[in-house]
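If you're matching them up, the sequences are chains D and G in order.
Under this note's numbering, the letters of the first sequence match residues 433 to 617, in that order.
Under this note's numbering, the letters of the second sequence match residues -15 to 272, in that order.
The set of hints was computed from the structure by calculation and includes no laboratory data.
Do not rely on the hints blindly, as some may be mistaken.
As the list claims (entries may be wrong) - Heads up, incomplete: computed chain D residues facing chain G, CB under 7 Å, no partners named:
#, residue
1, Asp450
2, Pro453
3, Leu464
4, Gly518
5, Gly519
6, Tyr527
7, Gly529
8, Ala530
9, Thr531
10, Val538
11, Asp539
12, Ala545
13, Asn573
Every value quoted in this text rests on a predicted model; they were computed, and no experiment measured them.
We put the beta carbon where it would ideally sit given N, CA and C, even for glycine.
Here is how the chains run, residue by residue.
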Amino acid sequence: MQKLNREGFLSGILGTGDVFPDFVLPSAEGRLVSLAARLASGPVVLSFFRGEWCPFCRLMLAALTRALPEIEAAGGQLLALTPETGGLPLSMKRYHGATFEVLSDVDFGVGLAAGVVFKIPKLYRERLVASGNNFPQRHGNAAWCLPVPATFIIRPDGVIGWRFVDVDFAHRAEPEDIIAALRTI
Amino acid sequence: MELSQVRYFIALCRTLNFTRAAEQCNVTQPAFTRAIQRLEEELGGALLFRERNLTQLTELGREMRPHLEAMLDSADAAAALASARRKNTQLSLKIGLGPGIGAASIADAVREVASMLPEVSVHFNEAGPPALIDAMLTDTLDCALLPDDCDMPERLNRWPLYTEAAVLVVPPEHRLAVMNAVTARDVLEENILVGERCGGFAHALVAITGFSLRLQRCNGAAAQMLDLVAAGLGVALLSERLRVGAPLAVRRFSEPELKRRIMLTAVAGRPLNPAASSFVKLCRAQAF
């Protein structure tokens, strides 16, 4: 993490005022979801998740599941993106009883376009392997990359109105901050 | 890492020339070189040897190239699909199906692509693995579903889709139609229809049990084999995922269990059109 910060990693991530590139991705249920189609009915809260194996992601998904009614009341639609494949997005969604869309960012394409993807440093990778994480299998891609768990609020015109990003994967956007931001953008 | 850094690196992999790659990417050479350096810092080492007349990938560069290429293609495909959706572009989706592999399991994914891109034309090609692999390599097929035990070249990306078991298909009045499950001993006296497109379950059964079974050669599509089963010529061992219509009866084959794993395959490093790329992503995202 210090390495990521030192190298100015955050400067490569899309920020407020940037256009979030339009995309279409498969959902956990096997539908194609288009960002532009979603934006046509209001702002989108887009959150990147590392995966079901990550305890902080599980905590945040649980918090977002609880906060969803308020997010929707503030006009937001929630999209959760994960690089996981092979049915893992669906099991993640079912585990949390989540009713928002969980999309599979297959091969990190949207994450790369948003600048949130990083190559897992060697030491951290060794720890992940030792705890039984098989990312080539989970991602269907042996790049050993992960997204920074960033959250963006995208306005209906496609421009990012708010973002939260921290290379420390334990720090996540708070649902109340998302809701407050939705009311002001 | 940034999209532009990855784009520059892939251009450099293809040209092995900083000046030409920077030109191709429409960027000044100092900016290009800086971007490559920053990517190298993030990836933890040099990606290229820079010598005066020779630029070559390092081991790290060679290792990262296919992954970064897949990520770049994925980013471009997500955007290209979004744009094709807005412009209603005409596209084709060409899917190969290995022997005895039906389209029923992937039909939902095809429908989904067609609902996003109504102009898409869908093509299926059912053939043996060598012919399908050749068609993918020569770019006349986007992707193919193949059994995992066939010979695949290194250049083929492969992702496990599902494991399927064999079922026995019999005519409605057949003595085995009343059973819940069928074993190898039950079919010793049966005529088993086998063909190039039945999935090889009957041959696997012979190999596993060592029994001498009565195999009746019958080449053609599964539909024609089923017509012969209905006419009483014999029984067939087919994938449980093939749709078999009434009045034929389908019985689980329990002893021994005959299974095979089906992989989705596509040529590594070849960008797919938005229809094909979204089909592959849909298939990879799910569990079947």
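Status of each hint after checking the structure:
no., hint, in the structure
1, Asp450, "violated, 12 Å"
2, Pro453, "holds, 5 Å"
3, Leu464, "holds, 5 Å"
4, Gly518, "holds, 6 Å"
5, Gly519, "holds, 2 Å"
6, Tyr527, "violated, 14 Å"
7, Gly529, "violated, 18 Å"
8, Ala530, "violated, 16 Å"
9, Thr531, "violated, 18 Å"
10, Val538, "holds, 4 Å"
11, Asp539, "holds, 4 Å"
12, Ala545, "holds, 5 Å"
13, Asn573, "holds, 6 Å"
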